[in-house]
Amino acid sequence: MKLINKIEVRKELTTNNKAQQKNSSKTKDPKPKTKKMPTLEHSEGYRIIHNWMADKGFSPFDFQLKAWKKYAHDYHGLVVAPTGFGKTYSMFLAVLIDYLNHPEQYKKGIKLLWISPLRSLAKDLQIAMQTAIDEIGLDWQAAVRNGDTSTAVRRKQERNMPDILLTTPETMHLLFSQKKNSRWFKNIRCVVVDEWHELLSTKRGVLTELAIARLRSLSPKIRIWGVSATIGNLEEAKNVLIPYEGVKTNIVTSKEKKKLKIISLLPDEVEVLPWAGHLGRELAKSVLKVIYENNTTLVFTNTRSQAELWYQSLLEADADLAGQIAIHHGSIDAKLRNWIEDAINQNLLKVVVCTSSLDLGVDFKPVDCVVQIGSAKGIARFIQRAGRSGHSPHEISKVYFVPTHTLELIEVSALKEAVKQRDVEAREPMVLTYDVLVQFLVTLAVGEGFQREETFEMIRQTHAFSYMTQDDFEWAMQFITKGGTTLHAYEEFHKVVFDEEKELYVVKSRRISMLHRMNIGAIVSDAMLRVRYMKGGHLGMIEEYFISKLKVGMPFVLAGRILEIVHIKDMTVFVRKSKAKKAITPSWKGGRLPLTSYLSHYLRLKLNDALQPSIRERELKFLNPLLAMQQAHSHIPKSNEFLVEKIQAREGCHLFFYPFEGRLVNEIMASLIAYRIGKLLPITFSIAMNDYGFGLLSDQDIPVTEENLIKILSKKNLMDDVVASINASEVASRKFRDIAVIAGLVIQSQPGARKTNKSLQSSSSLIFKVLEDYEPNNLLLRQAYTEVFNEQLEEARLQEAFDRISKSTVILKEAKGYTPLSFPIKVDALRDTISSEKLSDRIARLQKQQYKLIT
Amino acid sequence: MNIVTKDIRFGNEIVTLTNQRVLFWEAQEALILSDIHIGKTAHFRQHGIAVPDAILLKDLKRLQVLIENFNPKKLLVVGDLFHAEYNQNFDIFIQWMQQFDDLEKILIRGNHDRFSTRFYESLGFHTKKQQAYNQLVFVHETVKVTEGMHYISGHIHPGVRIQMKGRQYLKLPSFQVNSQQLILPAFSLFTGLNTRFHLEDVVHYAFTEDAILEL
Chain E
54 MKLINKIEVR
64 KELTTNNKAQ
74 QKNSSKTKDP
84 KPKTKKMPTL
94 EHSEGYRIIH
104 NWMADKGFSP
114 FDFQLKAWKK
124 YAHDYHGLVV
134 APTGFGKTYS
144 MFLAVLIDYL
154 NHPEQYKKGI
164 KLLWISPLRS
174 LAKDLQIAMQ
184 TAIDEIGLDW
194 QAAVRNGDTS
204 TAVRRKQERN
214 MPDILLTTPE
224 TMHLLFSQKK
234 NSRWFKNIRC
244 VVVDEWHELL
254 STKRGVLTEL
264 AIARLRSLSP
274 KIRIWGVSAT
284 IGNLEEAKNV
294 LIPYEGVKTN
304 IVTSKEKKKL
314 KIISLLPDEV
324 EVLPWAGHLG
334 RELAKSVLKV
344 IYENNTTLVF
354 TNTRSQAELW
364 YQSLLEADAD
374 LAGQIAIHHG
384 SIDAKLRNWI
394 EDAINQNLLK
404 VVVCTSSLDL
414 GVDFKPVDCV
424 VQIGSAKGIA
434 RFIQRAGRSG
444 HSPHEISKVY
454 FVPTHTLELI
464 EVSALKEAVK
474 QRDVEAREPM
484 VLTYDVLVQF
494 LVTLAVGEGF
504 QREETFEMIR
514 QTHAFSYMTQ
524 DDFEWAMQFI
534 TKGGTTLHAY
544 EEFHKVVFDE
554 EKELYVVKSR
564 RISMLHRMNI
574 GAIVSDAMLR
584 VRYMKGGHLG
594 MIEEYFISKL
604 KVGMPFVLAG
614 RILEIVHIKD
624 MTVFVRKSKA
634 KKAITPSWKG
644 GRLPLTSYLS
654 HYLRLKLNDA
664 LQPSIREREL
674 KFLNPLLAMQ
684 QAHSHIPKSN
694 EFLVEKIQAR
704 EGCHLFFYPF
714 EGRLVNEIMA
724 SLIAYRIGKL
734 LPITFSIAMN
744 DYGFGLLSDQ
754 DIPVTEENLI
764 KILSKKNLMD
774 DVVASINASE
784 VASRKFRDIA
794 VIAGLVIQSQ
804 PGARKTNKSL
814 QSSSSLIFKV
824 LEDYEPNNLL
834 LRQAYTEVFN
844 EQLEEARLQE
854 AFDRISKSTV
864 ILKEAKGYTP
874 LSFPIKVDAL
884 RDTISSEKLS
894 DRIARLQKQQ
904 YKLIT
Chain R
0 MNIVTKDIRF
10 GNEIVTLTNQ
20 RVLFWEAQEA
30 LILSDIHIGK
40 TAHFRQHGIA
50 VPDAILLKDL
60 KRLQVLIENF
70 NPKKLLVVGD
80 LFHAEYNQNF
90 DIFIQWMQQF
100 DDLEKILIRG
110 NHDRFSTRFY
120 ESLGFHTKKQ
130 QAYNQLVFVH
140 ETVKVTEGMH
150 YISGHIHPGV
160 RIQMKGRQYL
170 KLPSFQVNSQ
180 QLILPAFSLF
190 TGLNTRFHLE
200 DVVHYAFTED
210 AILEL
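Residue numbers (the working numbering), protein chains in the order written: chain E, 54 to 908; chain R, 0 to 214.
For the record, the hints were derived by calculation from the structure and aren't laboratory data.
For glycine and all other residues, C-beta sits at the position ideal for the given N, C-alpha and C.
Any given hint might turn out to be false.
[What the hints assert, rightly or not] Partial chain E-side listing against chain R, Cβ under 10 angstroms, derived: (1) 301; (2) 304; (3) 495; (4) 546; (5) 547; (6) 800; (7) 826.
[Unchecked claim] Facing chain E, according to a computed beta carbon distance under 8 angstroms, are these residues of chain R, among others: (8) 7; (9) 43; (10) 47; (11) 51; (12) 53; (13) 54; (14) 86; (15) 87; (16) 113; (17) 115; (18) 191.
[Said to hold, decoys possible] Heads up, simulated BS3-like pairs for lysine-lysine below, C-alpha to C-alpha not over 30 angstroms straight-line: (19) R:72 to R:128; (20) R:57 to E:822; (21) E:535 to R:57; (22) R:128 to E:622; (23) E:342 to E:232; (24) R:60 to R:143; (25) E:822 to R:5; (26) E:822 to R:72; (27) E:418 to E:338; (28) R:170 to E:604; (29) E:622 to R:5; (30) E:822 to E:314.
Just chain R, same shape as in the assembly:
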């Protein structure tokens, strides 16, 4: 796995974008990601659609490498940690989490996160609807902005469609950033891309296995 990074200024902070669908905030030693959708593969299978677990295992493996690489103190999930109801995938996840007992884990609740606070706490996650550190506010869905504050969210699964010369097209996942908002790409590889949603005055940071591209 090739980790490419790019530091940008967001609000008064420096944050690190990566081509591996996570954001690192060095000042807080926090690894930030969104939309993991644990349990999606099993949820599909429960409804008679055969999707292998290999894709979940790959997501977890990627996250493991990222945690080892950035060595954060905090893991901040900006919503949609779980996809739907409790299923077999959760056991795999819970077992996998044990190796990161020391990590402080925070979940900003997303539209898919419908379990009780107690349940999340049993997994070591503090849950919040919204959480602010200095001027940075973490919230799952994009909200109306208040002056002076800066928002980091998920939910959209942003991506870009790029037209090149010779009528060629490319579709890539991306971070969307403007002066007050930053939208994270979905972490799970078993998610689609929304290329139709755009913030105002946005800069897209699209990425591939080898590069981050400012558009």
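Just chain E, same shape as in the assembly:
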């Protein structure tokens, strides 16, 4: 359908158009010279879109209108609005309006590229967009391309790309790795990054930045827009997405605010709750009541195994739920997940137990209630989850909180306070991720090949690599062409070679190209096996680590079903239904997020006056007996105090510290403290931590006093000691795992793949050791340490914590048994060992004491 003829061109619009064209051809003046701006409302494109909306009984929100205007005036930017207010339309319709007003500027092929972090988002968005396009009467086509897209559809797209392509950062890079790919990206007018706040602080965000840099080099006039939820550093988020000079940028924020109601489900008595970890399943009955009071409920858990357990216990508590309850998490087969998402929308389900897999995505209209099991770990995350209920504008989001251990109730109290203050976390962007750089360079070489200087300049424009030096880049080039060290030139290493004829860096080996394509992306999971029934039908994925502990015939739970292993072949676990009543729930390793600094700040405040709760603080009042017990046996730290508990137990001597800084910072503090005590005497500790504190456990007595604790907790030489303590532990080696996979040093075996590349298998810890021994200047090693600093350590947060501790009074309490604060740490399974002893001394001691061989 041609709309050109219909368009009635207004005088002001034409003048501005000319002015704009002049601007773009000559200088890039951010202020157009025309004094009188044409109003968008008078354009034909706007009229068409407005009428279409009016037909459906909508009118645009203020922020949508503003986004359209900014877009029309060649701005780049960020749209910020709560879920349910039509963020998608703010950008999608902006492009349509622009097209309707200037159809002559649009050429064949992809016009709008929509990058979103989640595959599941794409499908529904595509339907919504295509419906709108059809109703408006355009001949555009919107299509999805991601890991779930079939080969046939992909080939078809490659011959004839749609007008709107909805995709993921990884798929963008996969497209870059294809021959002659740049032709697809020459006519793109706009790239939109959806849920930018989710990508921002991850390596996938860096992949996105690089993708945009390349798109911009192919299509210089491209407009870059991001769509984001509220975060603490929106200005920075915008600058990371659009770091380019000479472009106009803007943040469009909606005034609309979502109302939020937080209710905690309390058990009958405080003792009823288990002290740590295990789920408060006694509350299943109360959760059921909530489920029946509402139409559709999403039950959010923090881990996949918790989701499986809750699914089972809800079914146990009420068998009538069968058929109306579903489970949704990242390890469940994509087809099954899609079916569940459809079923929610069609109002077929009463309750869905899920993990962060449903944090994002299209809104499910029937959902009117959310239950959060356990701490949400952060304010932004909590608000986002809550927003999944009561999705239409101006409706109230209702969220019930179910504690998994008693102390989490303090967190609810803290959350309520934070939500009241609307104090939301910032998300720090990642920089200088050499693993992603190396991967990107090889991707380009596998695709069309690249030119050295141009590529350096292109990459340097991104925020992530703006501080990359020429030397760093040369190192990366050496790494992919010669294998690293400059001293040895290994003849057989020719991953990327310089093609003299084309004057480009290319990959010639088909096998290397193939291995690389399989490896594109920045999500690193443990080795996963696919799970399927003997008769066919995929159920999901499971960690190799978990399966290796099971024997044939042993029952386990996945996707809410009790299964048993028949046999394992080609990275696939064949299973059949089991008749067993009880089964083991798999443990998936990932997904344990630390408490954010914002939330921990509020937490400390709440703890400070926990013993004197105000009348309206239901949670704190409820907790009173437990807090009183803590006070009686040990102490409740005030906000100007720092509590250390020493407990002698059968397993050895425990020392507990409570900085309330989140799991990761607590872990670093733990190694640091262990290191500092280790300087006083040779000693080996095992470390355990949770979000509130950490514990050191040794088989020897730990000689601490309030006096030497002040020294041990001093901020003097803080970072030096931290570095030394990190070296001692293996934190960096663990961080290196992801880096090694992303940079292609470790080949991940693909689930379901016939070929497991066995002769190329090695562990990242082995490679880490080799590089440390023989190539200490490797930038990937350096990155592992930097990542430990930035992410694990959150240097700024650590400094702040020690600052606070140095101003606090250190209180050492010797307790007879475990205290309410220490017990959850004690039972926490995440442990690490740190030692200042020689290995041989440890062995000598081992020979004297009892030990257990793990079989």
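Given the structure of chain E, go ahead and fit chain R onto it with the hints provided.
Frame of chain E, contents of chain R only:
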């Protein structure tokens, strides 16, 4: 390099375990090892994974010191001498081998050893699928045992994970020994450890740079 040894009785023979991933059989003057995986570093590089050769050179250096120390007449490799296809690493190895021309060299073929007998012979290695000396049978992968015979094999890359008091863990390479079987640790340092495989009624001899530990 610190060589720690420990004599054990296996079958009717006395064999010497070392903390340097080799076994010495004094009666036969044989140095026995398994899973050297020569060519692994270059194989990785050929597939675009940069691993330096220093690790191969260190393996060869270790072997050289061990040969000089035990002064054996026989060198017995219980499989996986080479990792994959012929590559540049082989040249380094072949050149290095020249200093041990007088040594009798026997290779028990492993799953990775897929070259022709002629090729191995050109390097001075006699190849066998299995080789028996008295009651001791050398074979790469563990096999069903016959009564009265004793088997020495490799392939597994055995290791142990030890839990100490205070929830501390240690992971060490080891020899696995029971009444009829002995599994050698992998000789190359560029190999992982398998801590999940255990023979029946097994004794683990785990080792470190300074000690051998019976578990």
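Hint check results:
Restraint check, residue 301 of chain E versus chain R: the minimum CB separation of about 43 angstroms is more than 10 angstroms; hint violated. Because the closest C-beta pair between residue 304 of chain E and chain R is about 42 angstroms apart, greater than 10 angstroms, the hint is violated. Hint status for residue 495 of chain E relative to chain R: holds, with the closest Cβ pair at about 8 angstroms, below 10 angstroms. With its C-beta approaching chain R no nearer than about 4 angstroms, residue 546 of chain E sits inside the 10 angstroms limit, and its interface hint holds.
The interface hint given for residue 547 of chain E is met, as the beta carbon of that residue sits about 8 angstroms from the closest beta carbon of chain R, less than 10 angstroms. Among the interface hints, the one on residue 800 of chain E holds; its C-beta lies about 7 angstroms from the nearest C-beta in chain R, closer than the 10 angstroms criterion. For the restraint placing residue 826 of chain E at the interface with chain R, the shortest Cβ-Cβ distance is roughly 7 angstroms, inside the 10 angstroms limit, so the hint holds. Interface hint status for residue 7 of chain R: violated, as the beta-carbon distance to the closest one in chain E is roughly 17 angstroms, over 8 angstroms.
Using the Cβ-Cβ criterion of 8 angstroms, the hint placing residue 43 of chain R at the interface with chain E is satisfied: the shortest such distance is roughly 7 angstroms. Taken as an interface hint, residue 47 of chain R checks out: its beta carbon lies about 4 angstroms from the nearest beta carbon of chain E, inside 8 angstroms. Look at residue 51 of chain R: its Cβ gets to within about 5 angstroms of chain E, closer than 8 angstroms, so that hint holds up. Look at residue 53 of chain R: its Cβ gets to within about 4 angstroms of chain E, closer than 8 angstroms, so that hint holds up.
A hinted interface residue such as residue 54 of chain R counts as satisfied when its beta carbon comes closer than 8 angstroms to some beta carbon of chain E; here the least separation is about 6 angstroms, so the hint holds. Hint status for residue 86 of chain R: holds, given a least beta-carbon distance of 6 angstroms to chain E, under 8 angstroms. The beta carbon of residue 87 of chain R comes within 6 angstroms of a beta carbon in chain E, closer than 8 angstroms, and the hint placing it at the interface holds. With 8 angstroms as the threshold, the beta carbon of residue 113 of chain R stays out of range of chain E, its nearest partner Cβ sitting at about 11 angstroms, so the hint is violated.
A least Cβ separation of about 19 angstroms between residue 115 of chain R and chain E goes past the 8 angstroms threshold, and the interface hint is therefore violated. Taken as an interface hint, residue 191 of chain R checks out: its beta carbon lies about 5 angstroms from the nearest beta carbon of chain E, inside 8 angstroms. With a CA separation close to 21 angstroms, the supplied pair residue 72 of chain R and residue 128 of chain R stays within the 30 angstroms bound. Annotation: proposed proximity of residue 57 of chain R to residue 822 of chain E holds, straight-line Cα distance about 14 angstroms (limit 30 angstroms).
Restraint check: the Cα-Cα separation between residue 535 of chain E and residue 57 of chain R comes to about 21 angstroms, which is no more than 30 angstroms; the hinted pair holds. Simply put, residue 128 of chain R and residue 622 of chain E have alpha-carbon atoms about 27 angstroms apart, close enough for the 30 angstroms limit, and the pair holds. About 57 angstroms separates the Cα atoms of residue 342 of chain E and residue 232 of chain E, which puts this hinted pair outside 30 angstroms; it is violated. Taken as a hint, the residue 60 of chain R and residue 143 of chain R pair is broken in the structure, with Cα atoms around 35 angstroms apart against an allowance of 30 angstroms.
Between residue 822 of chain E and residue 5 of chain R the CA atoms are separated by roughly 28 angstroms; this keeps the pair inside 30 angstroms, and the hint holds. Under the criterion of a C-alpha separation no larger than 30 angstroms, the hint pairing residue 822 of chain E with residue 72 of chain R is inconsistent with the structure, at around 34 angstroms. A threshold of 30 angstroms between alpha carbons decides the hint, and for residue 418 of chain E with residue 338 of chain E the separation of about 26 angstroms falls inside it, so the pair holds. Taking the CA atoms of residue 170 of chain R and residue 604 of chain E, the gap is about 23 angstroms. The hint holds against a cut of 30 angstroms.
Proximity of residue 622 of chain E to residue 5 of chain R is assessed by CA-CA distance (about 41 angstroms); at most 30 angstroms being required, the pair is judged violated. Distance restraint check for residue 822 of chain E and residue 314 of chain E: the Cα-Cα separation of roughly 51 angstroms exceeds the 30 angstroms cut-off, and the hinted pair is therefore not satisfied.
Checked against the numbered hints above, the structure breaks hints 1, 2, 8, 16, 17, 23, 24, 26, 29, 30 and satisfies the rest.
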